[in-house]
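Student: Here is how the chains run, residue by residue.
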Amino acid sequence: MVSTAASLPTGIRRIFAWPRVRFTLIVSAIFGLLMGLHTGGVGVFILRAVMVGSVLLLVFGLFELWPRQLPRWLPRTVLRLIAIAIVSPLAIGFSVGLTGGGSQHDYGLMFGVTFLFAPWIAIGTILRQRDAFAREQALEFDLQRSEFERRESDARLRLLQAQVEPHFLFNTLANVQALVDSGSPQASKVLSSLIAYLRAAVPRMHAQMATLASEVELVRAYLDLMQMRMPDRLQYAIHLEPAAAPLECPPMTLLTLVENAVRHGIDPGEAGGRIDADIWLRDGRCVIRVTDTGIGLNAKTHGLGTGLSNLRERLRLAFAGEARFTLTEITPHGVCAEISFPGTPA
Amino acid sequence: MRRPSAIIADDEPLLRDALSRLLATAWPELLIVAYARNGREAIEFFDLHKPDICFLDVQMPGKTGVEAAQHIGRRSHVVFVTAFDQYAVQAFAQGALDYLVKPVEAPRLEETVARLKERLAASQPALDTEALLQQLAQTLRAPAPQGLRWVRASLGSVIRLIDVNDIDFLRSDEKYTVVAWRDDAGAPQEALVRTALKDLIPQLDATQFSQVHRSVVVNLRAISHVTRGENETADIHLKGRQETLPVSRTYLHLFKQM
Numbered sequence: 001m002v003s004t005a006a007s008l009p010t011g012i013r014r015i016f017a018w019p020r021v022r023f024t025l026i027v028s029a030i031f032g033l034l035m036g037l038h039t040g041g042v043g044v045f046i047l048r049a050v051m052v053g054s055v056l057l058l059v060f061g062l063f064e065l066w067p068r069q070l071p072r073w074l075p076r077t078v079l080r081l082i083a084i085a086i087v088s089p090l091a092i093g094f095s096v097g098l099t100g101g102g103s104q105h106d107y108g109l110m111f112g113v114t115f116l117f118a119p120w121i122a123i124g125t126i127l128r129q130r131d132a133f134a135r136e137q138a139l140e141f142d143l144q145r146s147e148f149e150r151r152e153s154d155a156r157l158r159l160l161q162a163q164v165e166p167h168f169l170f171n172t173l174a175n176v177q178a179l180v181d182s183g184s185p186q187a188s189k190v191l192s193s194l195i196a197y198l199r200a201a202v203p204r205m206h207a208q209m210a211t212l213a214s215e216v217e218l219v220r221a222y223l224d225l226m227q228m229r230m231p232d233r234l235q236y237a238i239h240l241e242p243a244a245a246p247l248e249c250p251p252m253t254l255l256t257l258v259e260n261a262v263r264h265g266i267d268p269g270e271a272g273g274r275i276d277a278d279i280w281l282r283d284g285r286c287v288i289r290v291t292d293t294g295i296g297l298n299a300k301t302h303g304l305g306t307g308l309s310n311l312r313e314r315l316r317l318a319f320a321g322e323a324r325f326t327l328t329e330i331t332p333h334g335v336c337a338e339i340s341f342p343g344t345p346a
Numbered sequence: 001m002r003r004p005s006a007i008i009a010d011d012e013p014l015l016r017d018a019l020s021r022l023l024a025t026a027w028p029e030l031l032i033v034a035y036a037r038n039g040r041e042a043i044e045f046f047d048l049h050k051p052d053i054c055f056l057d058v059q060m061p062g063k064t065g066v067e068a069a070q071h072i073g074r075r076s077h078v079v080f081v082t083a084f085d086q087y088a089v090q091a092f093a094q095g096a097l098d099y100l101v102k103p104v105e106a107p108r109l110e111e112t113v114a115r116l117k118e119r120l121a122a123s124q125p126a127l128d129t130e131a132l133l134q135q136l137a138q139t140l141r142a143p144a145p146q147g148l149r150w151v152r153a154s155l156g157s158v159i160r161l162i163d164v165n166d167i168d169f170l171r172s173d174e175k176y177t178v179v180a181w182r183d184d185a186g187a188p189q190e191a192l193v194r195t196a197l198k199d200l201i202p203q204l205d206a207t208q209f210s211q212v213h214r215s216v217v218v219n220l221r222a223i224s225h226v227t228r229g230e231n232e233t234a235d236i237h238l239k240g241r242q243e244t245l246p247v248s249r250t251y252l253h254l255f256k257q258m
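As given, the protein sequences belong to chains U and W, one line each in that order.
Quick note on numbering: the first sequence equals residues 1 to 346 in my numbering.
Quick note on numbering: the second sequence equals residues 1 to 258 in my numbering.
If you're looking for bench data, these hints aren't it; they were derived computationally from the structure.
Careful: at least some of the hints might be erroneous.
If you want the footprint, here are the derived chain W segments under chain U, 3+ residues with CB under 8 Å [said to hold, decoys possible]:
no.: 1; region: 8 to 15
no.: 2; region: 37 to 48
no.: 3; region: 212 to 223
no.: 4; region: 226 to 240
Pulled a few chain U residues facing chain W out of the computed Cβ check, cut under 10 Å [said to hold, decoys possible]:
no.: 5; residue: Pro71
no.: 6; residue: Thr77
no.: 7; residue: Val78
no.: 8; residue: Leu81
no.: 9; residue: Thr99
no.: 10; residue: Gln129
no.: 11; residue: Glu165
no.: 12; residue: Ala178
no.: 13; residue: Met230
no.: 14; residue: Gln235
no.: 15; residue: Glu270
no.: 16; residue: Ala271
no.: 17; residue: Asp276
no.: 18; residue: Arg312
no.: 19; residue: Arg314
no.: 20; residue: Val335
Cβ pair distances, simulated, as ranges [said to hold, decoys possible]:
no.: 21; chain 1: U; residue 1: His167; chain 2: W; residue 2: His71; range: 21 to 27 Å
no.: 22; chain 1: W; residue 1: Leu192; chain 2: U; residue 2: Ser184; range: 48 to 54 Å
no.: 23; chain 1: W; residue 1: Glu232; chain 2: U; residue 2: Arg20; range: 18 to 24 Å
no.: 24; chain 1: U; residue 1: Pro185; chain 2: W; residue 2: Pro125; range: 20 to 26 Å
no.: 25; chain 1: U; residue 1: Ile195; chain 2: W; residue 2: Ser20; range: 25 to 31 Å
no.: 26; chain 1: U; residue 1: Gln69; chain 2: W; residue 2: Gln242; range: 28 to 34 Å
no.: 27; chain 1: W; residue 1: Pro246; chain 2: U; residue 2: Tyr107; range: 44 to 50 Å
no.: 28; chain 1: U; residue 1: Thr39; chain 2: W; residue 2: Arg214; range: 55 to 61 Å
no.: 29; chain 1: W; residue 1: Leu192; chain 2: U; residue 2: Pro342; range: 29 to 35 Å
no.: 30; chain 1: W; residue 1: Pro246; chain 2: U; residue 2: Ala83; range: 26 to 32 Å
no.: 31; chain 1: U; residue 1: Ser188; chain 2: W; residue 2: Arg221; range: 48 to 54 Å
If you're wondering where the values come from, they're calculated on a predicted model, not measured in any experiment.
By construction, the Cβ of each residue, glycine as well, lies at the ideal position given by its N, Cα and C atoms.
One chain only, chain U, in its complex shape (with noise of 0.2 Å):
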């Protein structure tokens, strides 16, 4: 037995973990006490419950670590109750005994006040022990949790961060470029354009709310962009209900939605694709509708969602929860994102 206590170097210490021998060691004293009390002898009583009481602890410490898997018809509780029980007669002949034995009496009394006691406080100890362990689990998940949270607010501050790509711009700068050297007379059209959205773009960043009207323009701006850069591969179509117009929701909500259609869906496919964003009223409510008919999740869906995530996040934050998101496939390729929220206006 004391081989496999060594075999168990984290074992032997739990075994004899303080607090354990600490309470072991008061509670014999207490009713080794009592019995001295009772019968006279008070010390030699105290003497034979602490070792009667030691016994067991170790008896109680080896069968919890000990044999490391039990059949499944063999609760542990079970095993360590029987283990106990089997030892008490034991611990108990043997402390009488060598504290220069006793009478009939004597162990009569500590018989009767081991087998009466000693199940009950080996089984709340256990039932501490599993309040304890739920306890440190709880902990363990809040800790998670609030790092989950920490997370999430950086992510938020990144998306503001990083909303204008340098990407993007220095490449749409090379083409209105190539627009101005070749003395196309697109090219003003497409700067306004590209002014339009960075004067959109740059102040809502910091915004609380933007109109659902502003925000299609600057959508519109985007996709003029989008569509200079990639003519043959992008077409596009807005349909801004008028009753819709003035409604509020959290700035670069529409952008993202067309944006994520352009990047995951229509960008990494040869043929491209058509977008198509809807935005209307319905039961006080306000539906975005952003479709778009590229490549569509099979492919590449790695890098879909980012934005998209803290999208959904910030939605559940503007609207506490009453923010609808939904994200679908559509045949024979593509992908539907639909927003829902109570329609205020601003």
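Following the hints, complete the assembly by docking chain W onto the known chain U.
Tutor: Quick look at chain W alone, frame taken from chain U:
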């Protein structure tokens, strides 16, 4: 003397024109034999014309410029044209690859042209960049480091994308996977994913999802508490769901024993 030839590949037509116009000034003898709109066409036109030089945009639909360059190998001098993107530019600069950054500037293009003329005149073979390209192609293809964000699941006849953050747990169901998730109203839902659980697991963020049983993966955020059962098992109780999930012996170490 034979005029040197080149192809230009870029998915943005205005940028193809711009580069060809700049080249007309910087290298009037250079003959642009074809314009490709994507990586696949670049490979096609290369095979057809066997040009001396290939100007390849890095990010193109279908096959990327790097993948096209891998096909071309040392049979032609490759010049990458890349949008503003510090990672790609860094990789090119370190790897001694020829590259131009959009918008292309005339002085920079002249340097590149001078280098290319030198190599053509000396009949130098193209640089051996195979290992480097392999590495670049992998970087461009690599999935986002944060792992899977949306799971494609069937709800009746509709294919819906479920945000992984909304998933409570995934349970293996023969060769498919049942996803237990929350809709926007917070109500528990179930949907079917046509991917085996074992194929989904490597794509999930390991700090958020944990396998707790041969056939169960749980979102740690969805756990309310864990109760330890008999015989080295435990049950996971979820927030706002009736069902409990089993933790098998193999995974019990995740929920540290006392």
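Student: Work down the list of hints and note, for each, if the structure agrees.
Tutor: Checked hints:
Counting residues of the region 8 to 15 of chain W whose CB falls under 8 Å from any CB of chain U gives 5; the rule of at least 3 is met. For the region 37 to 48 of chain W, the stated coverage by chain U is satisfied: 3 residues place a CB nearer than 8 Å to a CB of that chain, which reaches the threshold of 3. Counting residues of the region 212 to 223 of chain W whose CB falls under 8 Å from any CB of chain U gives 3; the rule of at least 3 is met. Counting residues of the region 226 to 240 of chain W whose beta carbon lies closer than 8 Å to any beta carbon of chain U gives 6, which meets the minimum of three for the stated coverage.
Interface hint status for U:Pro71: upheld, as the beta-carbon distance to the closest one in chain W is roughly 8 Å, under 10 Å. At about 7 Å, the closest approach between the beta carbon of U:Thr77 and any beta carbon in chain W falls short of 10 Å, and the interface hint on this residue holds. Interface hint status for U:Val78: upheld, as the beta-carbon distance to the closest one in chain W is roughly 9 Å, under 10 Å. A least Cβ separation of about 13 Å between U:Leu81 and chain W goes past the 10 Å threshold, and the interface hint is therefore violated.
Interface hint status for U:Thr99: violated, as the beta-carbon distance to the closest one in chain W is roughly 35 Å, over 10 Å. The criterion of a C-beta within 10 Å of any C-beta in chain W is met by U:Gln129, whose closest approach is roughly 6 Å, and the hint holds. The interface hint given for U:Glu165 is met, as the beta carbon of that residue sits about 9 Å from the closest beta carbon of chain W, less than 10 Å. A hinted interface residue such as U:Ala178 counts as satisfied when its beta carbon comes closer than 10 Å to some beta carbon of chain W; here the least separation is about 4 Å, so the hint holds.
Taken as an interface hint, U:Met230 checks out: its beta carbon lies about 6 Å from the nearest beta carbon of chain W, inside 10 Å. Taking 10 Å as the C-beta contact cut-off toward chain W, the hint placing U:Gln235 at the interface is violated, the least distance being around 16 Å. Annotation: interface hint on U:Glu270 holds; nearest CB of chain W at approximately 5 Å, less than 10 Å. Annotation: U:Ala271 was flagged as interfacial toward chain W, and the flag holds, the nearest CB pair being 8 Å apart, inside 10 Å.
Hint status for U:Asp276: violated, given a least beta-carbon distance of 18 Å to chain W, over 10 Å. Because the smallest distance between the Cβ of U:Arg312 and any Cβ of chain W comes to about 6 Å, under 10 Å, the interface hint for this residue holds. The beta carbon of U:Arg314 is not positioned within 10 Å of any beta carbon in chain W (closest approach about 13 Å), and the interface hint is therefore violated. For the restraint placing U:Val335 at the interface with chain W, the shortest Cβ-Cβ distance is roughly 8 Å, inside the 10 Å limit, so the hint holds.
The beta-carbon spacing between U:His167 and W:His71, approximately 25 Å, falls within the hinted interval of 21 to 27 Å. In this structure the supplied range 48 to 54 Å holds for W:Leu192 paired with U:Ser184, their Cβ-Cβ distance being about 52 Å. With their beta carbons about 22 Å apart, W:Glu232 and U:Arg20 fall inside the hinted range of 18 to 24 Å. With their beta carbons about 46 Å apart, U:Pro185 and W:Pro125 fall outside the hinted range of 20 to 26 Å.
At about 28 Å, the CB distance of U:Ile195 to W:Ser20 agrees with the hint of 25 to 31 Å. Taking the beta carbon of each, U:Gln69 and W:Gln242 are about 31 Å apart, inside 28 to 34 Å as hinted. For the pair W:Pro246 and U:Tyr107, the supplied restraint of 44 to 50 Å holds, since their beta-carbon distance comes to about 47 Å. The hint said 55 to 61 Å for the Cβ distance between U:Thr39 and W:Arg214, and at roughly 59 Å that hint holds.
The given range of 29 to 35 Å is respected by W:Leu192 and U:Pro342, whose C-beta atoms sit roughly 32 Å from each other. Range check, W:Pro246 to U:Ala83: about 28 Å between beta-carbon atoms, so the 26 to 32 Å window is met. Judged by the Cβ atoms, the range 48 to 54 Å given for U:Ser188 and W:Arg221 holds: they are separated by roughly 52 Å.
Violated hints for the displayed structure, listed by number in ascending order: 8, 9, 14, 17, 19, 24.
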